[in-house]
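Just so you know, the sequences run in chain order S and U.
In terms of my numbering, the first sequence has 243 at position 243, counting the first letter as 1, and numbering is strictly consecutive.
In terms of my numbering, the second sequence has 1215 at position 215, counting the first letter as 1, and numbering is strictly consecutive.
Keep in mind the hints are simulated off the structure, nothing from the lab.
Please note that the accuracy of each hint is not assured.
[Stated by the list, open to error] 20 Å max Cα-Cα, derived EDC-like pairs, lysine to aspartate or glutamate: (1) S:K559 <-> U:D1160; (2) S:K523 <-> S:E496; (3) S:K568 <-> U:D1083; (4) S:K532 <-> S:E480; (5) S:K532 <-> U:D1160; (6) S:K554 <-> U:D1303; (7) S:K570 <-> U:D1023; (8) S:K568 <-> U:D1102; (9) S:K574 <-> U:E1196; (10) S:K559 <-> U:D1303.
In case you want the letters, here they are:
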Amino acid sequence: MSLPMTPRENIRNFSIVAHIDHGKSTLSDRLIQLTGGLTQREMKDQVLDSMDIERERGITIKAQTVRLEFQRDGQDYVLNLIDTPGHVDFAYEVSRSLAACEGALLVVDASQGVEAQTLANVYQAIDADLEIVPVLNKIDLPAAEPDRVKAQIEEVIGIDASDSVMISAKTGLGIEDVLDAIITRLPAPKIGDRDAPLKALLMDAYYDQYLGVVVLVRIIDGVLKKGMKVRMMATGANYALDRVGVFKPKITEVEELGPGEIGFLTASIKEVADAAVGDTITEERRQTATMLPGFKPAQPVVFCGLFPVDAADFEDLRAAMGKLRLNDASFSFEMETSAALGFGFRCGFLGLLHLEIIQERLSREFNLDLIATAPSVVYEIKLKSGETLHLHNPADMPDVMSIEAIEEPWIKATILTPDEYLGGIMKLCQDRRGNQRELTYVGSRAMLVYELPLNEVVFDFYDRLKSISKGYASFDYAIEGYRPGNLVKMSILVNEEPVDALSMLVHATRAEMRGRSMCEKLKDLIPQHLFKIPIQAAIGGRVIARETISAMRKDVTAKCYGGDASRKRKLLDKQKAGKKRMRQFGSVDIPQEAFIAALKMDAD
Amino acid sequence: MTHRQLGLYIHWPYCAAICPYCDFNVYRARGADTAPLVDAILADLAYWRAQTGPRPLASLFFGGGTPSLMDPADVARVIETADRLWDLEASVEISLEANPTDAEAARFADLRAAGVERLSLGVQALDDPSLKALGRFHSAAEAMAAADLARQLFPRLSIDLIYARQDQTLAAWQDELMRALALNPDHVSPYQLTIEPGTAFARAAARGRLKVPDPDLAADFYTLTQDVLEGVGFDAYEVSNHARGHDNRSRHNLLYWRSQDWIGVGPGAHGRLGWGGERRASKALDRPRDYVDQVTARGHAIDELETLSPEAVRDEFWLMGLRLQDGLPLADAPRPALSDNKIRRNLEHGWMWQSDTHLGLTAQGRLLADAVIGDLLAD
């Protein structure tokens, strides 16, 4: 099917910036509905979030585009809505999606106000020179305070909020006004050269089981046509295009996409990894002179080991990871062996949410039972030999004598909180070796900016923050760079045997506390045995904390008669099966659950 | 191998009220018409007779539930029917479980006349607040009177007690145990209070309303119990069973612990027949109504029938038998054999003993029986 060419001045490319639950998906659904993209029968909530995980958690992981066609005053308009991920883990993907737009709707819940995540994304949008239209959602709620929130937007973000669009995405109130604002207030794409060699931005890519790898593109110059031979400039790969099209949101093939337009292409691209986000797509024979700015290869920042609970699942795990990697180039894995956990993989992630999502997808979509080791950041180890080592796994730490210095990544964290929780949050940041950079007030909300070592954040920082603030604080961060730190490797010994999966790099000042809390936890998590079991935390040969699990004194069923024979036997069979879920260290059985629970540091 | 004995267990599922710690297959009587159940039990006996063929019966055991609520005439019919279908051995043991209420004590003489020769009395505790906390409907005085009467009427008397109750002290338990012994039983079964899933006590414990002693204190209770009973000449022949002299051991329960054969009739009753690859486990339907209906329709009440694998036979043999002070005869041990390494390790720890003919757990090992046996039977 062929679409009539839309004049450039009637195209609007925009994305929606919002905090989780502030109404981004509902507004998208309404816009799709109002412009007739789907019939009532085809509508379901969160049309653009196709993964179960996205729907359940209310988050967006993969960017999506939808073309809204719409008439106003006898003119045909094409509005391309780009649904971007909102989380910091996907900050780079967000930046590439924003680079494909001229404008953004800033959706803020009129009862909640601006949150930390909104800030990070709106600043990105401002940095990308986008025109921003504030939209206050949920104005029908009794708790809505549009005037206060407008003032907050002006104060915190520094944009004019006086003509914010007032809507209720849920009831449909004000949606027409949003369409008007998109047309009148957001700019059309800049003029591109139709006759120049193709220059298109690769916004994102995902794997579709019917179409293969689907690449989302924004055309800057030239024309993208079916059958054309294109070249990915960063990866250097060439492909012949199978399909060119748009999502309305139903997939619709088109003859061509011209300057200013947004759509998708498919070619025989095998893996999403071959379609690098931010790459420039051009023609194979007639290349554009320069690449688009801002391209960065994916760089994992958090690592952890993933091991199958049942060793027999190792190959299944490898296959499952391979499948996920097809659709997620930023997730990396390589084989790892642990004395404690057997064969598994060392995996790299963009951040903690990314880690959680991958873990959840592995267990949910592939039905795998996994143990994850403590998340670790990437340490830079400067060796005396002059070499620099990037350490992903505390177990690979070289001999202390050969180390000159260890550097760790630091982040800049922004936290917004009602002021009653400020004290608790400041203490948390202090305890995590944070340096306060800013403290400002916006009405009754405080905005804290801290520098924090990332390795203090990967342990349950977010959980602690949520519990201290009863869920009212919001948090966002950006990586700032590496700094030297007094870091030591702490080992955990169970019955005198080191358990490699539990070893970790910690700051020297925090080692004793961490060690003590780890030993206390393990004491509760490892069942009593027929002998007593010492649990120790040690740095080098020095024990810094110790607990003892006393020997079991009594373990016998009181009553055992004819009717109990079957019951006892079934219990025994369960015990035997349970043993498979245990890892043996010398003569001590440690349940898998102990590893998982021990690594959650909620006790400090 | 010596010739295998056959026992008969009859389950009477009705109780006046359900005790909060009990997780057996029990139902409140609520004036139910029990005649159809008695008929079904009698018919079920005939079914099992066809399975076993003619063999002598070493024991009959009426358990429950509360079989002392049965009409003594029905008890007599069951005994007579069993005697007609199989032959009762001359030394047959006929036991019945009873609650020590006045109402039930009034039937003791008739139960004795029906043929019961060993009464197992659920005394449980000997002070009124404890009895109330355990949800029992009798007083300590009633229990003692019932025990006295039973002592006069029945040749053999066993008493059940429950210890390690909430707030119970070791001293109080020792005193209570001595008073129970003064009732002159020849057999005592003191059970540590166990919170079973699905019981009223489990719900109370989950809500923090019931607290039982921790494992260390429970171990002290157990050790004290062993010491007191041994001191007065009761032999700890099983984990929770003590008898004055060899002849007063529960011959019926020994069938279970020694992996002999037994038939289970009545709702939810379990049975075992045969040996080696031929050994079968049976379980009757739980609900009295279902039991009656299926016996009426099909002549039996089997809910589950399973031919046990060699491993299952082996596991049951040791699971049940290692609870005995005498251990088990190695000559009877089914294959696959136990791991020599594991036996050696347990011998070294002092948890097991071995003679030329037998293998067993030491007193210390019996206190850890579940863990030791679990390890022994794990691959």
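* If any of the earlier hints don't hold here, list their numbers in rising order. => 3, 4, 5, 6, 8, 10
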